[in-house]
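S.K.: Full structure from sequences and hints, please.
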Amino acid sequence: QKEVEQNSGPLSVPEGAIASLNCTYSDRVSQSFFWYRQYSGKSPELIMSIYSNGDKEDGRFTAQLNKASQYVSLLIRDSQPSDSATYLCAVPNYGGATNKLIFGTGTLLAVQP
Amino acid sequence: KAGVTQTPRYLIKTRGQQVTLSCSPISGHRSVSWYQQTPGQGLQFLFEYFSETQRNKGNFPGRFSGRQFSNSRSEMNVSTLELGDSALYLCASSLYEGEGNIQYFGAGTRLSVL
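Quick mapping for you: the protein sequence lines, in order, are chains A and B.
Position 93, counted from 1, in the first sequence is what the numbering used here calls 93; the numbers after and before it change by one each time, with no gaps.
Position 56, counted from 1, in the second sequence is what the numbering used here calls 56; the numbers after and before it change by one each time, with no gaps.
Mixed in with the good hints, there may be bad ones.
[Stated by the list, open to error] List of simulated lysine-lysine pairs, BS3-like, C-alpha gap at most 30 Å:
#: 1; chain 1: A; residue 1: K56; chain 2: A; residue 2: K67
#: 2; chain 1: A; residue 1: K2; chain 2: B; residue 2: K13
#: 3; chain 1: A; residue 1: K42; chain 2: B; residue 2: K57
#: 4; chain 1: A; residue 1: K42; chain 2: A; residue 2: K2
#: 5; chain 1: A; residue 1: K42; chain 2: A; residue 2: K56
#: 6; chain 1: A; residue 1: K67; chain 2: B; residue 2: K13
#: 7; chain 1: A; residue 1: K56; chain 2: A; residue 2: K2
#: 8; chain 1: B; residue 1: K13; chain 2: A; residue 2: K42
#: 9; chain 1: B; residue 1: K13; chain 2: B; residue 2: K57
#: 10; chain 1: A; residue 1: K67; chain 2: A; residue 2: K2
[What the hints assert, rightly or not] Here are some, though not all, of the chain B residues that point toward chain A, as calculated from beta-carbon distances under 8 Å:
#: 11; residue: E48
#: 12; residue: T53
#: 13; residue: N56
#: 14; residue: F60
#: 15; residue: G62
#: 16; residue: Y104
#: 17; residue: G106
[Stated by the list, open to error] Pair ranges (Cβ atoms, derived):
#: 18; chain 1: A; residue 1: G41; chain 2: B; residue 2: L83; range: 19 to 27 Å
#: 19; chain 1: B; residue 1: L114; chain 2: A; residue 2: Y71; range: 36 to 44 Å
#: 20; chain 1: A; residue 1: R77; chain 2: B; residue 2: E82; range: 41 to 49 Å
#: 21; chain 1: A; residue 1: Y39; chain 2: B; residue 2: F60; range: 25 to 33 Å
#: 22; chain 1: B; residue 1: L83; chain 2: A; residue 2: K67; range: 20 to 28 Å
#: 23; chain 1: A; residue 1: K56; chain 2: B; residue 2: T5; range: 24 to 32 Å
#: 24; chain 1: A; residue 1: Q31; chain 2: B; residue 2: R67; range: 44 to 52 Å
#: 25; chain 1: B; residue 1: E82; chain 2: A; residue 2: K42; range: 38 to 46 Å
#: 26; chain 1: A; residue 1: K56; chain 2: B; residue 2: P61; range: 34 to 42 Å
#: 27; chain 1: B; residue 1: S79; chain 2: A; residue 2: I18; range: 46 to 54 Å
Since the hints were made in silico from the structure, they are not lab data.
Every residue gets a Cβ at the ideal spot worked out from N, C-alpha and C, and that includes glycine.
M.R.: In structure tokens, the structure reads:
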């Protein structure tokens with residue numbers, strides 16, 4: 001059973017700090033990774049995708065991928081109260097030629113003003 | 001460009017009834033996937049359709065079914081509803097089939113079974 005694991009949190013950080021969210025996955029052949037943000041009562045919204053080892057930056061968000069360690073992380077710089085949400089890590093189910101995503105349980109981030 | 005549209009947004013049903021949920025993907029997207037989200041189980045894959053064909057199915061009982069029409073719109077049906085079917089049902093669309101494609105989610109249908 002392919003798995004994606006995240007710390008459920010809550011992760012509490014003060015406004016302006018860096019929030020670090022982590023995700024590990026079990027399938028060594030995984031090639032792409034996605035971070036979704038989900039506000040309470042809303043649907044998931046894609047915020048980052050990453051396909052290669054290393055860092056990918058987009059505004060205040062940086063995704064980091066280490067395939068050897070089967071680890072992907074999301075850094076949020078200058079955290080704002082509006083960043084308070086659940087962050088979901090998702091990995092495609094490789095080998096099935098489908099778009100099926102396997103999701104972690106999500107990390108609840110709370111940014112304190 | 002319009003996003004993924006799901007209807008209805010909210011549903012209240014009683015045990016034993018059946019329900020049909022609808023999803024219209026982003027224009028031009030041919031792949032539609034359905035997910036169930038509950039507090040206990042998180043986001044779980046139900047099934048995926050591409051060009052009117054079911055490509056993959058998750059570990060859900062046969063009471064859960066779906067289909068896709070020639071215009072890529074999709075419906076899912078749940079028969080003989082149980083209390084445990086209460087969940088947020090999410091539809092996601094993608095331009096292509098195959099692993100690694102970005103999926104965009106609709107607002108979801110929140111189903112409550114009484």
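S.K.: Hint by hint, note whether the structure agrees.
M.R.: So, going through the hints one by one against the coordinates:
no.: 1; hint: A:K56 - A:K67; in the structure: 14 Å, holds
no.: 2; hint: A:K2 - B:K13; in the structure: 34 Å, violated
no.: 3; hint: A:K42 - B:K57; in the structure: 24 Å, holds
no.: 4; hint: A:K42 - A:K2; in the structure: 26 Å, holds
no.: 5; hint: A:K42 - A:K56; in the structure: 26 Å, holds
no.: 6; hint: A:K67 - B:K13; in the structure: 45 Å, violated
no.: 7; hint: A:K56 - A:K2; in the structure: 25 Å, holds
no.: 8; hint: B:K13 - A:K42; in the structure: 21 Å, holds
no.: 9; hint: B:K13 - B:K57; in the structure: 24 Å, holds
no.: 10; hint: A:K67 - A:K2; in the structure: 15 Å, holds
no.: 11; hint: E48; in the structure: 5 Å, holds
no.: 12; hint: T53; in the structure: 11 Å, violated
no.: 13; hint: N56; in the structure: 4 Å, holds
no.: 14; hint: F60; in the structure: 13 Å, violated
no.: 15; hint: G62; in the structure: 19 Å, violated
no.: 16; hint: Y104; in the structure: 7 Å, holds
no.: 17; hint: G106; in the structure: 6 Å, holds
no.: 18; hint: A:G41 - B:L83: 19 to 27 Å; in the structure: 21 Å, holds
no.: 19; hint: B:L114 - A:Y71: 36 to 44 Å; in the structure: 43 Å, holds
no.: 20; hint: A:R77 - B:E82: 41 to 49 Å; in the structure: 45 Å, holds
no.: 21; hint: A:Y39 - B:F60: 25 to 33 Å; in the structure: 26 Å, holds
no.: 22; hint: B:L83 - A:K67: 20 to 28 Å; in the structure: 42 Å, violated
no.: 23; hint: A:K56 - B:T5: 24 to 32 Å; in the structure: 30 Å, holds
no.: 24; hint: A:Q31 - B:R67: 44 to 52 Å; in the structure: 30 Å, violated
no.: 25; hint: B:E82 - A:K42: 38 to 46 Å; in the structure: 26 Å, violated
no.: 26; hint: A:K56 - B:P61: 34 to 42 Å; in the structure: 39 Å, holds
no.: 27; hint: B:S79 - A:I18: 46 to 54 Å; in the structure: 48 Å, holds
Going down the numbered hints, you'll see the structure goes against 2, 6, 12, 14, 15, 22, 24 and 25, while the others check out.
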